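Asks: In case you want the letters, here they are:
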Amino acid sequence: MYACAKWRYCENLMINETYTLIKDEVSVKVSASAPESLRAKRIKRTGVRVYRDGCIGISGYMGEEGGPEARKRAEAALAYKISYPGQPSANMKRAVKFGGKPFTPQALDAEVAAILAALRRDFPQFVFSSPFIKTGTHTEALSNSAGLDLLSAITLHEFVFIYKLASSSSIMDGWFSYAGPGYDRAAFLAYGAEVLGAHLRTVPLPAEGRLPVFFDDSEQLVKQIFMRELGGMTFGSGGSLFSGKTGQKLFNEGFTLYNSREQDHMPFFDAEGVCGEGFNYVENGVLRAPFADKKTAAKFGFTPSGGATAEYDGTPCTSSGVMRIKSQTRTIKEMQGGEPAIFVAMASGGDFTSEGGFGTPAQVAFLLKDGKLVGRLPELQLSSTVYDMYGKDFLGVSSDKIMPLSSNRWLGFMLDVRKT
Amino acid sequence: MYKFPEGLYSDVRVEKVRNTLIQYLKGELREMRERDTAGAFVRVYDGQRWYYSSITALDKVQEELDRLAKLAKPSKTIAENSLVKNMAAGSGGQHKFKGKDLRALPLAEKNSFLTAFFPAVTAQTAIAMWSAMYTDTLTHRELYNSKGAQSVCEQQLCGVRLGMTFTEGGHTFTEGATKAGGEFCELADFGRELDKRIAQALEFLRNSVRVKPGKYTVVLSPLAAGVFAHESFGHKSEADFMLGDAAMLKEWHMGRQLGPEFLHISDDGACAGSGFTPFDDEGNPARKTTLIKNGRLAGRLHSAATAAALDEAPTGNARAISFEFEPIVRMTTTHFEAGNIAKEELFAGVKDGLFIDTIKHGSGMSTFTIAPSLAYFIKDGKIAGPAQISVISGSVFDTFGLIDAISDKVELLSFVGGGCGKMEQYPLPVGFGGPYVRVREMAVL
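Here the protein sequences line up with chains A and B, keeping their order. Position one of the first sequence corresponds to residue 1 (the working numbering), numbered consecutively onward. Position one of the second sequence corresponds to residue 1 (the working numbering), numbered consecutively onward.
Note that these hints are calculated values from the structure, not bench results. Among these hints, one or two may not hold up.
To be verified - DSSO-like cross-link-like pairs, simulated, lysine-lysine; straight-line CA separation at most 27 Å:
(1) B/70 - A/44
(2) B/3 - A/41
(3) A/44 - B/422
(4) A/41 - B/147
(5) A/41 - B/70
Claimed, not checked - Pulled a few chain B residues facing chain A out of the computed Cβ check, cut under 10 Å:
(6) 26
(7) 33
(8) 235
(9) 309
Said to hold, decoys possible - Distance windows between CB atoms, simulated:
(10) B/256 - A/418: 28 to 34 Å
(11) A/110 - B/19: 38 to 44 Å
(12) B/105 - A/124: 29 to 35 Å
(13) A/284 - B/19: 40 to 46 Å
(14) A/379 - B/79: 46 to 52 Å
(15) A/244 - B/409: 57 to 63 Å
(16) A/206 - B/244: 32 to 38 Å
(17) B/249 - A/72: 41 to 47 Å
(18) A/253 - B/256: 51 to 57 Å
(19) A/203 - B/58: 54 to 60 Å
(20) A/284 - B/192: 28 to 34 Å
(21) B/115 - A/418: 44 to 50 Å
(22) A/22 - B/427: 19 to 25 Å
From a predicted model like this one, the values you see are computed outputs, not experimental measurements. Every residue, glycine too, gets a C-beta built ideally from N, C-alpha and C.
In isolation and in its complexed conformation, chain B is listed as follows:
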C-alpha cells in the first residue's frame, strides 16, 4: 500500500472516527452533532531519532513518508535494531467491531434515550443547574509498517453522563452520574444509578460536615480504589519514565516488596469497556500485565521502544489519543485484583475513619492525590454521615505498605466525558475499578 523507505523503520497509522455528541444544559439542547474525521500519523525511525508528521490529507501520506525519510539517516542494520524487532510484523492483527454499530442508530433515538432521564432531575427542586450528555465513538485504525504489518482495529464506546449542582439553604454541592460501555444495551440500567446518586447527593448537601485535616483510616470504593491504583502506581509502571534512569530502575526492581501479600494490581487491554485496546498503536496485541503480585513489583507497561531499552517484552500499551500524536506508554484498564476479606468485614474493622465513595479527580506524581466528592465518616464500622474533604494524598512508597485489607469482589467501571492525561495527550479513554481497599494513616485535607 505504501512504499516504505529503505534503511529505516517506518509506519503509518490511519485513523477514521465517527463521533456523536448530544448535550443539554438545564434541559435546553446545546449540541447535537455527528462528526466524521480522518487523519494519519506517519513515523520514521533511523535507529537514533524519530521523525513524525501528522496530516489530514490521506492522499499525501506517501509524500510525508518520503519527506521524513530525507530528514533521517538510513542504516543498513536497521532490521537488527532491538526496538525495530519489537514492532509488529505480518498481517495478523485484525479486530473488527462485531457488535451493534451505533452509526446506524438514528440521532433521534439517541436523543430520546437521553431525554428519558430528565424527569428524575427536574423533579428535584434542589437541583439548581444540570447538564446531560450522550456520546458514542467508533474508531477505526489501520496500521501499516515497513516490516509488513497490516492491522485493523475498531473500537466502539458509548455513554451517558448527567452533572448536577444541588443547592439548598445556602449550601451547594456538585455531583454526577455516568455509565459507559461498548454497546448501547450496557447503558440500560442507568436510570437506577441516577436515582441513587441524586438521593446520595441530597443527603450530602443537607448533612455534610467538613473533616478536620489529619491522618485517617480510609476505605476506598471500587471507583476510588481504581483511581488510586491508576494514579498512585499505574503511572509509575509506565516504563518511559524509567529510560536512562538508573536510580529509578534500581528503586523499582522486579520483586521489590511494596505492600502486603494480598495486594495484586494488573493492567489489561483486553478488558471490555473504556480501556479496551485489543491492539495498541504500534500493532502489538493487548495482554494482561501483572504489575504487582503478592505485594511485590512484578511487571511494567511498555511500548516497543521502552521494552527494547529495558530488555523486556512489549505489553501492548503504546497508545495515542488521536492521529495528531505519537503513541506513548499508557495504561488501559488498571485495577486492584480481589483480596480475601468480605466488604462488610472490611468496614467493620474501622473504628474512626472515612469512606471515599465518588471522586472529582486524581493525580499522580511523587505524591498521588484524590479529590473526593461523596465521602462519609465511619464510626465503629458503620457509615456515620457525609464528610467534606478537599483532597487525600500520600506517597506511593509509604501508602501501599499501609493497605491492610482488600475486599473479595472486583467491579470494573467505564467512563465517557474525560480520561487520563499525560503530558500533552488528554483525554485518553481508560478503565479502572477494583474491590474496596482499606488504607491506614492516609493524609486528609
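Next comes chain A alone, as it looks inside the complex:
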C-alpha cells in the first residue's frame, strides 16, 4: 500500500486541482446471436477544485473547452462553505499505464463475429445476446498546485454473453463473462463451453439443508453488508451493525477483507489522491476499520481507506469502492474434499436485513464436483446470517482461479439451501 505524501499548507493559500476523466471505448451489441450495432464513444469530463480556508469549491465541464469559466465557478462555490478539513494530497508524481492495446472497431467487430460463429456451431441449442462487448481505455488524472500529479490509463476488454435455451421462455437463462487487460479467444470459449455444457445437463439437488455453496469472489451480493455497514459516517455515528466493534474478533480467522482497487483494474489512486490497495477492513476475523474519505476520517479519527469517489464536478465522498477477500492456499478441489457443492452463477435480488440476516434466490446454480461444473441445479433459496457466513460457516477463497484469463476465484460458505 502506498502512503501518499501530505503537504502542509498555509491556511490562506489556495490550492487549485484538476480531476480529469476520459472514457474512450468501442462496443458491439449482440441480439439474436448476431451483431446488432457498433458504438464509439469518447467523453472527456474535467473537474476543477479549489481549496481555501478549510473549504472546497468545485465546478467542471465536458469536452475540451471550459477551463477558465469552470475555475471562476469553482472559486465562487467557495462561498457555499463546504468544509474540507483534510489536506489535499500533495507532492507525489506517478503514472501507471496498464493493459495492452484496445481493439480497433473493425477488429472488435471481427472478434465478436468469430466468437458468435463458434458458439452457434458448438451450442446451437442456445440463443446468445450481449448488451455490450467493449474495449477501451479509461484515463483518470489528478493534479494540483501542491505538487500532485497522478495519472492512470487502464485498457480493458469486457466480454459479456447472455444465453438462453432456444426452447426457454425466460428472458435469459444465464451468462458468462470476462473483463481484464488480456484476451484469449480459446480460453474464453473454453470457459463458455464449460458453463453451457453444464447448463444442458439438469441434475437434482443432492439434499436440502446446510450445504457448501460457492460464488465468484467478485460477487457483490454476499459482500454488500460490509459495503453498507462499514461506511465511515454510519460506522462513526454509531448507526452500523458493526459500530463500536473495532478490534473485536467478529469473524472466522481465515476472513480478511481488503480494498482491492488495483486488483480490480481501477486507478491506483482514489478521487482524493489516496492510494488504498490492500487497506484492510477485516484482518483474520478482526474488525480493523471502516472505509472513509479524508473528511470522514478527520471527523472520527479513522484512516482514509483510499476508496473515495467523486463525480467529475462533485465533492469527494466515502465509498466502499471494491473489496475482496484474501485467498487461501487451498484449491477449490481441496476445499471441496471430494464432496459435491453448489456454484451460484446468478443470484439476483437478495439482501441482508438490518440485523444481518441473509436471503437470496439463486436463479442459476450448478453442481460442482472437484472444481468442475457438472450440471444445472433447479432454482434455489439460500439463507444464513452475516455472523454465520463469515464465522463458523466461512469456507474461504480458493487459491486457484475460476477461469485462467480472469483474476476471480471461488468464495465458499455453508448456507441453508432449499429448492424454490
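Given chain A, put chain B in place with the hints provided.
Replies: Then chain B, alone, in the frame of chain A:
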C-alpha cells in the same frame, strides 16, 4: 439543419440538461451545485446494422454523421425498411415544459426548502446517521432524422429525499422518505410524510421480529405492488428480449391467461411524474399500452426496431438514460389498474400473512425479487407488529395466478435518487405504484 447521408436512415439526438443537487450528511453540507451539460447521440442504420457515436462537441455532429455513414452500406430501398417506416416523420413532436422553470429559482431557496425538514430528524436521538438531498433536472431533447422529423421534448423533475439510520439498544434500521414531481409545489406536503415515516421506523426498530422463511399470503402496498409490476412483468413486456426468440414469442402470445379476470396492468408515458415521457428518444409519442387486460396478455412495449421485428406498432418506449447511450425498450410508468375490492376488505381476508409497506430494491429476471424494508405481520386481518424480511421472490408464471385480490384505488408514485437499470443503462427515471395487491403462497426469506 443536418445533411443526412443518402441511402441510410440516420438521426441526431441533442440533449441539454440543467441539474441542481444539494446534499447534506448529518446536517453538514456536502454538495451544492448547478450543472449544465450538452451532448449528442448520432445513429446511422443501413438496413442491417446500426452505427452509433456519442459526442460532447455539438459542432462536430455533422462530421460524426459523415464518419458513421462511411462505415455503413447505403441501400436504395432503405425507405421501404419496416424499421425505418416506424421512425417518426414530420415536425409534429413538440413538448415544451410550461410549468414553473426551476432554473430560475435561486439555489438559496432550494436549500432553505431542504433544511426546513432537518428539525424533524435532529429531534430524534435514535437517528444516528442521516442524509438529505434536493435535486431538480430540466432535460431538453431535440431529435432530427433523415425522414424530416424535428421534435423538441422538455421534462422537469424535482424531488427531495431523506435517508435515516436508526439505532437503539444494539439494533439498527435504515429507512428513507422521498417525494418527487414535475413541479416544486408537488413537494409541499413532504414534511407530513417524513414525520409518519420516522414514527414507523422507530416502531420497527424497537419491535420488529425476523420472519421464519416459508410461504405466506402477502399484501403489497401501492409502492411494493408497483415494484412487483415493474420487476415481475414489466421487464418481460419489453419486446427487445423477444427478438429472434420463437419460444418466448410462443410462450408470451397475446391472449395468454396469466392471472385472474380482475388483473390489469398498463404502462403509460403520459402519466405525470418520474416516468413522464411525452415523446421517446426516437420521436414517437407517448401512449398508454395495456399489457394485461382481464388477466390476459394484451400488449408489449416497443421501440421502432422491435415493433418492426414483431409486426406491431411502436409504443413510445425507446428511451436512453442520456446522450451517451442508444435508446432501448424501457418502461415509463407501469402499474396495476384498480381492482374491485376495498382495501379494508382485502386485509380482512388474511388470517396469517405479511404486509410489505416499503422496499429497498427489486429485480426481475426468471425470478423476480423484492427486498422489503418496512414490513408487518398480519393476523386475522389486522396489522400485528413489524416483521424483518430479507427478500420475497417468485416466478412470474406462477405468481400472477396466485393474486387473489386487488384494491379499488390507484396511487401513482414518483422518485428521485435512483431508477430502473437495464444492462449498462442506469438509472432511468420511471414511475410506478398501483392499488394494494394480495398474493397467496409467496416465497419469503
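Asks: CB of residue 253 of chain A to CB of residue 256 of chain B, is that within 51 to 57 Å?
Replies: holds, 55 Å
Asks: Have a go at the residue 33 of chain B hint: is there a Cβ in chain A nearer than 10 Å to its own Cβ?
Replies: holds, 6 Å
Asks: Do the beta carbons of residue 249 of chain B and residue 72 of chain A sit within 41 to 47 Å of each other?
Replies: violated, 57 Å
Asks: Given the hinted pair residue 41 of chain A and residue 147 of chain B, is their Cα-Cα distance within 27 Å?
Replies: Holds. Residue 41 of chain A to residue 147 of chain B sits at ~25 Å (cutoff 27 Å).
Asks: Hint validation: residue 26 of chain B versus chain A, beta carbon distance must be below 10 Å. Holds or violated?
Replies: At 7 Å from the nearest chain A Cβ, residue 26 of chain B passes the 10 Å test, so the hint holds.
Asks: Do the beta carbons of residue 256 of chain B and residue 418 of chain A sit within 28 to 34 Å of each other?
Replies: Check passed, 30 Å falls within 28 to 34 Å.
Asks: Between residue 115 of chain B and residue 418 of chain A, is the Cβ distance one that fits in 44 to 50 Å?
Replies: holds, 48 Å
Asks: When you check the alpha-carbon spacing of residue 41 of chain A and residue 70 of chain B, does it fall within 27 Å?
Replies: Given that 27 Å is the threshold and the Cα spacing comes to 17 Å, the pair holds.
Asks: Within 28 to 34 Å: is that where the Cβ-Cβ distance between residue 284 of chain A and residue 192 of chain B falls?
Replies: Check failed, 50 Å falls outside 28 to 34 Å.
Asks: Holds or violated: residue 70 of chain B with residue 44 of chain A, Cα cutoff 27 Å?
Replies: It holds: about 25 Å lies between the C-alpha atoms, which stays within 27 Å.
Asks: Assess, step by step, whether the Cα of residue 3 of chain B is no farther than 27 Å from the Cα of residue 41 of chain A, and give holds or violated.
Replies: holds, 22 Å
Asks: With a cut-off of 27 Å on the C-alpha distance, tell me whether residue 44 of chain A and residue 422 of chain B pass.
Replies: holds, 24 Å
Consistency with the previously given hints fails for numbers 12, 15, 17 and 20, ordered from lowest to highest.
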